[in-house]
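Colleague: The residues making up each chain are set out below.
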Amino acid sequence: MDVRNTYDSRKAKIMLTISRIVVYAILIFLSILCLFAFWMLFVNASRSHSDLQGGFQLLPDTYLLTNLVNAWNDASINIPRGMFNSFIVAASTALLTTYFSTLTAYGIYAYNFRLKKLAFTFIMAVMVIPNQVSAVGFYQMCVKQGWTNSYLPLVLPSIAAPVVFFYMKQYMESVLPMEIVDAARVDGSGEFYTFNRIILPMMKPALAVQMIFSFVTSWNNYFMPALILDKAEMKTVPLMIAQLRSADYSKFDMGKVYMFILLAILPVIVVYMFLSKYIIKGVTAGSVKG
Amino acid sequence: MSRQNSRLSRRKSISYAKWGYLFIAPFFIIYAIFTLYPQLLTIYNSFFENYRSGLRQVGPTYVGFENYVKLFTPDKTGSIDILKYTWNTIVLWVGGAIPQITIALLLAIFFTSYRLNIRGQQFFKTVIYMPNLIMASAFSMLFFTLFSTVGPVNDLLLNAGVIPEPYDFFAEKISVRGLIMLMNFLLWFGNTTILLMAGIMGIDQTLFDAAQIDGASSVQVFFRVTLPLLMPILIYTIITAMIGGLQMFDVPQILTNGGGTPNRTSMTLIMYLNNYLKTSKNYGMAGAISVIIFIITGILSLFVYRSLTRKED
Chain F
1 MDVRNTYDSR
11 KAKIMLTISR
21 IVVYAILIFL
31 SILCLFAFWM
41 LFVNASRSHS
51 DLQGGFQLLP
61 DTYLLTNLVN
71 AWNDASINIP
81 RGMFNSFIVA
91 ASTALLTTYF
101 STLTAYGIYA
111 YNFRLKKLAF
121 TFIMAVMVIP
131 NQVSAVGFYQ
141 MCVKQGWTNS
151 YLPLVLPSIA
161 APVVFFYMKQ
171 YMESVLPMEI
181 VDAARVDGSG
191 EFYTFNRIIL
201 PMMKPALAVQ
211 MIFSFVTSWN
221 NYFMPALILD
231 KAEMKTVPLM
241 IAQLRSADYS
251 KFDMGKVYMF
261 ILLAILPVIV
271 VYMFLSKYII
281 KGVTAGSVKG
Chain Z
291 MSRQNSRLSR
301 RKSISYAKWG
311 YLFIAPFFII
321 YAIFTLYPQL
331 LTIYNSFFEN
341 YRSGLRQVGP
351 TYVGFENYVK
361 LFTPDKTGSI
371 DILKYTWNTI
381 VLWVGGAIPQ
391 ITIALLLAIF
401 FTSYRLNIRG
411 QQFFKTVIYM
421 PNLIMASAFS
431 MLFFTLFSTV
441 GPVNDLLLNA
451 GVIPEPYDFF
461 AEKISVRGLI
471 MLMNFLLWFG
481 NTTILLMAGI
491 MGIDQTLFDA
501 AQIDGASSVQ
511 VFFRVTLPLL
521 MPILIYTIIT
531 AMIGGLQMFD
541 VPQILTNGGG
551 TPNRTSMTLI
561 MYLNNYLKTS
571 KNYGMAGAIS
581 VIIFIITGIL
591 SLFVYRSLTR
601 KED
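These protein sequences, in sequence, are chains F and Z. Position 216 (the first sequence) corresponds to 216 in my numbering; numbering is contiguous. Position 222 (the second sequence) corresponds to 512 in my numbering; numbering is contiguous.
The hints are simulated quantities; they were obtained by calculation from the structure and are not laboratory data. Please note that a few of the clues may not be correct.
As the list claims (entries may be wrong) - Just a sample of chain Z residues kept apart from chain F, beta carbon distances all over 10 Å, derived:
| id | residue |
| --- | --- |
| 1 | Tyr358 |
| 2 | Glu455 |
| 3 | Glu462 |
| 4 | Ala500 |
To be verified - Mimicking EDC-like on lysine to aspartate or glutamate, the simulated pairs with C-alpha atoms at most 16 Å apart in a straight line are:
| id | chain 1 | residue 1 | chain 2 | residue 2 |
| --- | --- | --- | --- | --- |
| 5 | Z | Lys571 | F | Asp230 |
| 6 | F | Lys251 | F | Asp74 |
| 7 | Z | Lys308 | F | Glu191 |
| 8 | Z | Lys568 | F | Asp230 |
| 9 | Z | Lys571 | Z | Glu339 |
| 10 | F | Lys204 | F | Glu173 |
| 11 | Z | Lys360 | Z | Asp371 |
| 12 | Z | Lys360 | Z | Glu339 |
Said to hold, decoys possible - Covered stretches of chain Z, going by a simulated chain F footprint (3 or more residues, C-beta under 8 Å):
| id | stretch |
| --- | --- |
| 13 | 415-423 |
| 14 | 481-495 |
| 15 | 532-546 |
| 16 | 569-577 |
As the structure is a computational prediction, the values presented were derived from the model and not from experiment. C-beta: ideal position from N, C-alpha, C; glycine also.
For reference, chain Z alone in the conformation it holds in the complex (with noise of 0.2 Å):
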């Protein structure tokens, strides 16, 4: 950066600013239309009632914080949804991640020790990262047709006398939440596993050498160099990782058509957020929702921003 930085200001005689600012032009031009004014009539809406009831339309009136307000009030079983589906987009992100980041730090350690020397590497790395290309709505669609009480794999279970009858997966809240988190799983550890790959293949490596000479064990060499020196990419992977935990939606949206089944115990907030804006038309609710949302992201990104930008400077 540094060294670009001078050559650039050895050509100061000429001046090419306007080029610049032309070429970045249209990225913002489109920035402005399509997200940054979107984003800011979201939060306009937020304080708006404007709902259609039927055929009747229902504001906009100026209301406050009062979606707000009606966000967090308890309903007639005393549970607020918002923090109900909160917490389900919590669980749901968990019950994947810690697979993925687990596994994927596993394999990554794998694919990259000289002493195991894995054979047939591409082939695996190809494998795993096949289901992060697949179009997460099929995959969803798959597996509910696997699944269901007369798919192959209570086919499988009847056969094998697991089990005596069909078991169906989508009456039971683990069962839903459990393919959930295994379908997210599989989408995500192959992606996982390749970043930090990458990251512990740009660890100095007499590093490692260093180590085994002082006479570490595998397990010594892990978490004394290896994972301090992996820290920041770690740390990345799971924040970026959070940010698309957040916006969970196509997997539980297909696989219980929408209604976050049962008892929508699989209800993610951006499934809310979708009813609220494309079955009721309630664009105050709506908004409230998102800035919500908007604000928990903002708060992750920052770490993000922190993280890719620190070597910038």
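This is chain F alone, in the form it adopts within the complex (with noise of 0.2 Å):
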């Protein structure tokens, strides 16, 4: 009995090291599918044109800089202004949504109206609707109101954010009891001063997790910014990409095109480096009820 017994127990953990080796070959092979074009982006961006006529390399260059200044400086897609341009639109969205989504969570949240139900409903049916379905008159409505080639018809519209919202009011099912809100009118708080003063710093988590999220995907939007705008001064960087696909290719200083791409993505990859694990617990926490 106690021979069969330390041979199963053998067995199993041999079996245990087996099926881990496993999962960790499979977890690496899947991690640096992930991370070897942005490997290549990295190396190819800091290679001379002709030394990327050249072949193939796994290891960076010295020309990182060179590329760097020549990206920065050419003459028909200016980046700067292009990153310039989308931080404008990406902070402005996150700041808007953010403080509006956290207002209407809060207006269903705390307090009892007739309509309550029917807005809860109604936002929650609308929530994944894209709005590329809505585009013809979207784009219809801003050409009549001269709204074309201005940054109003990207930013206004996250105002209104089912997703934001839902996760928010979710925030505030676990983390905001009425008590609070009880309490403050006790002291004379009037009800905006309360959201403003005692709310809004509560929610600070869930409100740092939300900008993330819609400074990331305004910054990388692209449907709609290329529908509205079409001036060179007020593109944003997307745009600037696509214009590069589109350009004559083989002309372009290879080290040059890798750069653009680079300082695309670059400016998220820093945020994320800095905060991955609070944006990895963000991506949970609104989408599904627990």
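Dock chain one against chain two, each of which comes alone in its own frame, and use the hints as you go.
Modeller: Encoded structure:
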């Protein structure tokens, strides 16, 4: 009996070790798959055009700064301007969407009113409808109102963001006791004051997560800006990437091309490096009711 | 929810209702202007002939369902564009989504297994989630350069002697589609992994313990305990991925420079819409395509809505 037991446990141990090795192998393979493209981007952004013609290389070279200067000062693709434009659009979107989504969520969470249930149902129902399906009317309206080549139609709609609203409402339900609101009322705090000075600070972690997500989404957004913006000085980064793709590619300094792509994704990568832990936590919190 | 309601009803003496309306007003005003009105305008447009032909403006003239009829009328070669592009979209989505969901499920199980006790989880999660945040258009441009005939992938394959001469990835249907699927997979599998992990961790741990005590193998535990309990979240994930797939645009648009090459085999529905809208300013046809996409999305979102609000009632 004893002998069989030790035999069984030894067998189980070996099986466990084998499955561990397989699992780590899969994980390492997938990690390499994810990182390979970015590593190649970094390596190739550090090589000169003539060197890039010479073939494949796995380690970075010394042309990173040269390529950066060349890309930064390129005459046809004004990448610093694009990054500035993207930053303005993404930052204003992030601020508006988090503030107003929290306000909407608080309105539904903290108050009782006749249309409350209907309002909530409506927001939930339209949550996953993509904005592409209203793009025709949206574009027509922008043309009629003279909103093309303006950031207004890219930023203002973010005030009505069902997904962010839902996240905020979920978060309130888990951290915000109504007693606090009641206490504030007893102390004579006005409703709006309570929201701005007491509720918002309590929502800080949720606000931070949603600010990051909406900033990134807006920074990466291609469809809508491509519809609204066509003036060179108004273009955001994704439009410049599209421009790069449609340009006569063979005439380009390839080192510069890689540098453009690197610059387009760098801000997000840097933010991610510092905040990945919080970002990954934020992925789940609002999406599924646990 | 119910606890909070009773708490609210206790304070009925003073009505704060107007504050509720005031606080949700900005959302609904902005939604009405920037989404609802454009949505109605889009549907309205789909019944009009309204486009630009060179410098000449045609319409708007009311044509009833003519745009829809035109959309489903075969062209000279006998193919119906919208069906072709719907098929492309489905193929491209399925090709990315199958590995995305399978591998995500596998990884979620690895990460949550006490027995395996995977170390370095934070690192692996950080790495596999990263592509999800990357600008899809830039990612696509990167793949275009990496897989071009003079790019590093061809160099690598030539050096290794796998191919005798550079392979043009962008000339063949299978390689273009394959690259789009690969990119969509890479962009999304980390996200799905994290969602499913949360789902598994939400399952009562005692159920796993009980199954183990009863002598269930890990395969049995997966099929009899984990999978059935994970179903709601899995369905939610699949449907939201479907809705995302329906919107597929950035990756194929940039990779093929808007052409859906070769021979429009990688042209998606939104690319089709974009062509009508931007290139020919054909609001009528673009409107009709939008309405069709809207109907498909509407049906799908009904399922998401139900899965999200089930516990509210």
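Colleague: Hints the structure violates: just list their numbers, smallest first.
Modeller: none
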